[in-house]
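> Residue strings, one per chain:
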Amino acid sequence: MAGSRDLDRIRGHRARIGYTVAAVTTEVYPIDWYRIVPDGVSLMMITLPLGERSKEDLEKCYRISIDAAKTMAKAGADLVVLGGLPINISKGDSTVGDLMAGLSREIGVPVSSSAAAQVAAFEALGARKVVTVHPFLPDQNPRHERTIASFFGLEPAGVHAGGSNLVELGKLPPARALEWGRAAMKANPGADTLYFGCPHWTVIDAIAPLEEEFGIGVMTSLQAIAWHSMRLAGVDDRVQGFGRLLSEH
Amino acid sequence: MYGHRARIGYCSPPFVTEVFAYEFYKMVPEGVTLMITTLEVGNEYTQQAFDGSYDRSLAAARAMGEAGADVVVLGGNPVNQSRGIENLPKICADLAAETGTKVIASTLCQKEAMEKLGVRKVATAHMAGPDHVERHHQQMRNMGFESVGVLSPERHKLLHYGRISEDEALTLARELKRKWPETDCIHFASAHWPTAFAIEPVERELGVAVMTSQQAILWKALRTAGIDDRIDGFGRLFRDF
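Top to bottom, those sequences are chains A and B.
What the first sequence shows, in numbering that gives the first Met the number 0, is residues 0 to 248, in sequence order.
What the second sequence shows, in numbering that gives the first Met the number 0, is residues 0 to 240, in sequence order.
These are computed hints drawn from the structure, not numbers from a lab.
As a list, the in silico SDA-like pairs of lysine to any residue whose alpha-carbon atoms are at most 20 angstroms apart:
no.	chain 1	residue 1	chain 2	residue 2
1	A	K170	B	H3
2	A	K59	B	G41
3	B	K25	A	Y33
4	B	K176	B	H136
5	B	K25	B	A5
6	B	K25	A	G39
7	A	K73	B	G128
8	A	K59	B	R55
9	A	K69	B	N42
10	A	K128	A	F213
11	A	K170	B	R61
12	B	K176	B	E133
13	A	K69	B	E43
14	A	K59	B	D54
15	B	K115	B	R222
Modelling step: build the complete structure from the supplied sequences, incorporating the hints.
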């Protein structure tokens, strides 16, 4: 109620994070974002017309991402995060750092990416051998294995495909991530880290139970992005309930 | 799944959207989710931006229908009204038939909300600057209500609405009632600046009904999706209708 609120504050009075969402429409991302971040950290978002991940789609989304970063900076974002690993690395794995640095110089606001967030998160967790769970069809498995090896420089320990698709992601119940995470770990018990790719399905409630059950680190795209964004924006709160990354680093 | 009671699709006109999602989750009950697509309106209200946003709304509605939205809201009173208010019911009906989901327009949500509240003389607070006063008068008249007054502080650019503090709505409402005491409804126009927490205090303090664009959109979307919960804390509209 207004009577108990500080009305002089804006919603994002601690930090305003701009994020380019790599999906035509987004549902789960803002819900889980606001479950993770403390009060006073807001999300500015734009959605990108990413369809079937064709070369043309990726090129179009890449261009819009750049425009969006400029717009978000003008609108007062404290940090801009470019979402969508496939978009971020569409010009080559080694181009992401240059893209962020150049864009940041141009717009006068720090720029990061979901890819950089995940690199930092893997490093913070001390990951070496990673098993991946993604919600899509098994035909995406080789792409995920390649990304773990060539982009993150880690050892791929296996991939579990959930078998869903982009338009059905919002219908996946929280239990699915837990079930698929367990299946992935049972099939690949040598992994030290479980990675849930894609921030647009319900995963965050599986993080802590899986870390406890298997004694591993669990990293999800959204968790990594929220963590990395907060830390870069100077929000150093330790957040409980969503894994070691947020509670310890 | 998160949206086990209802999944509401919203075509959000601002190229960058911030406040809408934040306030959405303050107002709706557990089990209701927001599917959002951002459109093309930047800092300038141009016909080109309205047309581009309208076209993208149609594509977004199709995507949301395919993804399982229970109701899709075509957002943006200016975008809606640029198609002609009299054409909106048919636009929604045609799109609903095509997508297989329910489709509503924010302009019609606001009109129906004011009808439910039984108001006649509406005073509008907005953030687009004094240059947009006449546009707001006309939009209100187009919806069939007497527009007794319109106030805006110096212009906030649309993409800067996230910088507006929560007390602005209260301050403007008091000024509206002082200047136009005959008003029976304060309307906070645009769903993209912080207004949710001003609704209840303004209704109590000034003895008027309050209709905000976002409140009306969410109310109509919930009711259309079959969610009939009476919600406390965000005005008579949610509590009584």
